[in-house]
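Student: Letter by letter, the chains look like this.
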Amino acid sequence: MRISGGALLVAIAFTVPIVVELRTILAWFGVQISVFEGLVLGLALIAALLVYAFWPEADDSPDASSSS
Amino acid sequence: MSEAAVKSTDATTEDEGGIYLDQFPAEAKVIRSALYSSFLALALGGLFGIIQTLHRTDIYRFIDSETYYTVLTAHGVFLVITFTIFFLVGVFTWAVTTSLDRPVEDIRFTWLWYGLMSLGTVMAGGAILAGFTDATDISADVLFTFYAPMQAHPLFYAGLVIFVVGTWLAGADWFRSWWNWKQENPGERIPLPTFMVLTTMIMWYIATLGVATAILVFLLPWSLGLIDSVNPTLTRTLFWFFGHPVVYFWLMPAYMMWYVLLPKVSGGKLFSDPLARVVFVLFLLLSTPVGIHHQYLDPGISEGFKFIAMTNTMFLLLPSLLTAFTVVASMEHGARQRGGSGRLAWLKALPWRDPVFAGMALAGIMFAAGGFSGMINAGMNINYLVHNTLWVPGHFHLTVGTAVALTLMAATYWFMPQLTGRDLWNRSVALVQVVLWFVGMTFMTNAMHRAGLLGMPRRTAEPQYEGFEFQAGVGSVAELDAQIAIGGALLAISIVLFLTNVVLTAVAGKRSDLPDNSYADTLSGPEDSPLVLDNLKLWTAIALVLVVFAYSLPLLSIVERGGLFGPDVTAFPQHIQFVASMAVSVVGDSLATIDPVSSLAQFADTTIATLTGVIR
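These protein sequences, in sequence, are chains A and B.
Using the numbering used here, the letters of the first sequence correspond one by one to residues 1 to 68.
Using the numbering used here, the letters of the second sequence correspond one by one to residues 1 to 616.
Hints are computed from structural coordinates only; laboratory data are not their basis.
The model shown is predicted, which means the values in this text are computed figures rather than measured ones.
Built from N, CA and C at the ideal position, the CB exists for glycine as well.
Please note: incorrect hints may appear among the correct ones.
Said to hold, decoys possible - Using C-beta positions, here's what the derived DEER-type ranges look like:
| no. | chain 1 | residue 1 | chain 2 | residue 2 | range |
| --- | --- | --- | --- | --- | --- |
| 1 | A | 24 | B | 317 | 22 to 32 Å |
| 2 | A | 47 | B | 314 | 54 to 64 Å |
| 3 | B | 336 | A | 55 | 53 to 63 Å |
| 4 | A | 52 | B | 375 | 32 to 42 Å |
| 5 | B | 338 | A | 55 | 21 to 31 Å |
| 6 | A | 18 | B | 473 | 14 to 24 Å |
| 7 | A | 18 | B | 548 | 40 to 50 Å |
As the list claims (entries may be wrong) - Anything over 12 Å on all C-beta distances counts as not near chain A; from chain B, calculated:
| no. | residue |
| --- | --- |
| 8 | 247 |
| 9 | 441 |
| 10 | 445 |
Claimed, not checked - Some chain B residues well away from chain A (every beta-carbon gap over 10 Å; in silico):
| no. | residue |
| --- | --- |
| 11 | 101 |
| 12 | 221 |
| 13 | 372 |
| 14 | 468 |
| 15 | 475 |
| 16 | 477 |
| 17 | 531 |
| 18 | 544 |
Start from the sequences, fold in the hints, and give me the full structure.
Tutor: Structure representation (structure tokens):
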């Protein structure tokens with residue numbers, strides 16, 4: 001994992017304010033979305049976070065470069 | 001001298017003397033009792049909080065709307081007075097004994113002030129809870145802001161007085177410890193935690209002069225029938241003389257945790273001891289002469305005095321901003337000690353898995369948001385837009401409801417093992433609990449702020465009026481209500497998790513090797529801070545002068561205009577059902593035929609005569 005489980009939990013918690021206010025922010029730009037669409041966007045945000053957290057880190061060690 | 005001072009502080013912070021329970025067993029017992037009292041208040045306050053939330057949002061109602069005000073009073077008083085202040089006295093006792101490395105002078109005296117605070121809580125809390133039953137005439141549905149013309153039972157006021165006297169004696173206990181330490185360690189700098197305790201208590205002594213005067217001279221005699229009336233503007237002003245600095249009395253233990261514990265659990269050191277001292281001195285100087293900013297919309301106080309209060313309030317932002325800088329710098333130092341690097345990537349190296357750290361860090365972030373809404377409250381012209389709307393509860397649920405409450409809960413996860421000798425029952429549950437609080441408060445306060453901007457009122461069981469609809473800019477009012485209810489439910493679950501963890505730690509926590517009792521060392525220590533910062537007499541004198549400047553003329557003006565005991569304002573006990581039935585009986589049949597000019601005087605006469613007759 002790229003970040004610890006605790007950090008991931010906190011990062012997901014941080015998406016809540018974004019999800020909650022997403023509709024207001026988008027409305028400023030004239031984009032109207034429903035609660036459901038807001039939820040879907042929020043879930044997509046969390047999914048992206050999970051993908052980032054669990055994506056294997058690139059191995060930059062000398063062994064890795066020599067073997068390739 | 002400064003070397004000795006540094007040695008003294010370092011000896012305390014790096015002393016490997018075991019956990020607190022081993023170092024100070026007698027004091028640990030008092031602190032445990034104070035914390036358990038605090039948690040009992042949290043349980044009660046939280047219970048009333050969720051009832052209030054569900055009722056107000058009309059999601060689920062099982063109480064009468066008039067009972068809502070009893071619930072509201074209990075929620076406010078149990079959480080912002082009992083929960084916070086019992087925790088404070090526990091933490092401050094820990095801070096003084098740990099940093100001075102000496103026990104209290106007389107443990108019987110320590111138990112005395114704890115006993116007085118408990119007695120006061122039972123009396124005031126009992127008076128509030130008695131409002132739920134018709135078996136007695138006792139009630140105190142006066143909200144947390146207990147000024148005239150609302151009147152509580154004398155038991156409520158007497159309980160508050162005894163509670164406050166208990167805190168005064170607690171302060172005397174800590175000053176006594178410091179004084180005796182000072183005699184034995186002449187010329188040494190006051191250790192930072194003790195310095196924080198002493199400055200906070202000086203602020204508290206000054207601030208409580210207002211509420212003590214309001215209760216002892218006016219409200220208690222009035223509720224006992226010894227005087228016929230009070231001057232409402234005067235009691236309101238005296239309340240807010242205390243009512244704003246009490247906010248800092250809640251906040252100071254949280255600040256202390258951010259300064260002395262958070263850097264330690266981050267893995268680093270406090271960035272600057274002198275800056276921390278400056279912050280606490282600024283709070284001592286600036287927190288009292290600002291209370292009139294709660295009265296921008298009150299008649300009877302001139303605009304000029306309000307403007308002065310606003311200016312003072314804006315200065316008060318400075319110590320909070322200094323704190324934000326110092327605490328974040330300390331966390332960054334900790335993260336880099338743990339191998340963190342990069343401009344922002346160091347954030348990943350922080351111990352987010354640790355509920356003590358995660359809780360305090362999240363609390364600090366929410367406090368930043370609360371600071372911004374606080375600036376809006378502080379501005380005279382913008383305040384007019386949000387005054388007495390739901391915006392204001394949104395603001396203080398970010399500050400006291402999160403910055404303070406979440407910090408205290410997170411700190412509990414450090415204190416419980418120190419005080420019981422048992423490891424925390426479940427760290428994962430603790431982490432989920434603090435995160436859940438953050439999420440719940442996000443939902444609730446966000447919706448409260450937005451509802452306030454729509455003009456939705458606070459302090460009412462019935463925020464929606466018939467024939468009138470609030471228009472939300474984005475979404476709907478129903479969505480805001482749903483957000484508040486979801487937030488309240490998450491907070492209630494969070495409290496249950498917290499209390500479960502505390503109880504199971506106390507009874508079933510495993511006995512294992514625990515970290516020694518200590519607090520954060522400093523990157524820049526007391527040797528770097530000017531000696532004048534430790535001159536408590538000087539800061540007390542300046543604080544008093546500022547209070548005199550800010551309050552003497554407004555108070556004089558209020559008394560000149562309304563009289564010391566008011567312009568014959570009749571007592572108005574808060575029996576809501578009685579008021580409602582009176583309104584119906586007096587107004588009910590006459591509304592249709594009312595003549596706006598002649599009937600108004602007749603209506604006023606009838607109402608006053610009937611009210612007076614029933615009250616007597």
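Student: Decide, holds or violated, for the assertion that all CB atoms of chain A are farther than 10 Å from the CB of residue 221 of chain B.
Tutor: Its Cβ never comes within 10 Å of chain A, the nearest being 49 Å, so this holds.
Student: If I claimed the Cβ atoms of residue 338 of chain B and residue 55 of chain A lie 21 to 31 Å apart, would that claim hold in this structure?
Tutor: Holds: the Cβ-Cβ distance is about 23 Å, inside 21 to 31 Å.
Student: Can we confirm that no CB of chain A comes within 10 Å of the CB of residue 477 of chain B?
Tutor: Correct as stated: the minimum Cβ-Cβ distance to chain A is 14 Å, above 10 Å.
Student: Okay, residue 18 of chain A versus residue 473 of chain B on CB: inside 14 to 24 Å?
Tutor: At 18 Å between Cβs, range holds.
Student: Would residue 372 of chain B pass as off the interface with chain A, using Cβ distances and a cut of 10 Å?
Tutor: Non-interface label stands for residue 372 of chain B: nearest chain A Cβ at 13 Å, farther than 10 Å.
Student: Beyond 12 Å from every chain A Cβ: check whether that's true for residue 441 of chain B.
Tutor: violated (10 Å)
Student: Say whether it holds or is violated: residue 247 of chain B keeps its Cβ farther than 12 Å from all Cβ of chain A.
Tutor: Given that every Cβ of chain A is farther than 12 Å from that of residue 247 of chain B, nearest at about 24 Å, it holds.
Student: The output says residue 445 of chain B does not contact chain A. Does that hold with a beta carbon cutoff of 12 Å?
Tutor: Given that some Cβ of chain A is not farther than 12 Å from that of residue 445 of chain B, nearest at about 10 Å, it is violated.
Student: Can we trust that residue 531 of chain B is non-interface, i.e. its beta-carbon lies farther than 10 Å from all of chain A?
Tutor: holds (41 Å)
Student: Can you tell me whether the CB distance of residue 52 of chain A to residue 375 of chain B sits inside 32 to 42 Å?
Tutor: Given about 35 Å between the Cβ atoms, the range holds.
Student: Do the Cβ positions of residue 18 of chain A and residue 548 of chain B conform to the proposed distance bound of 40 to 50 Å?
Tutor: holds (48 Å)
Student: Could you let me know if the closest chain A CB is still more than 10 Å away from the CB of residue 101 of chain B?
Tutor: Residue 101 of chain B clear of chain A: closest Cβ-Cβ about 33 Å, beyond 10 Å.
When each numbered hint is compared with the structure, violations occur for hints 2, 3, 9, 10, 15.
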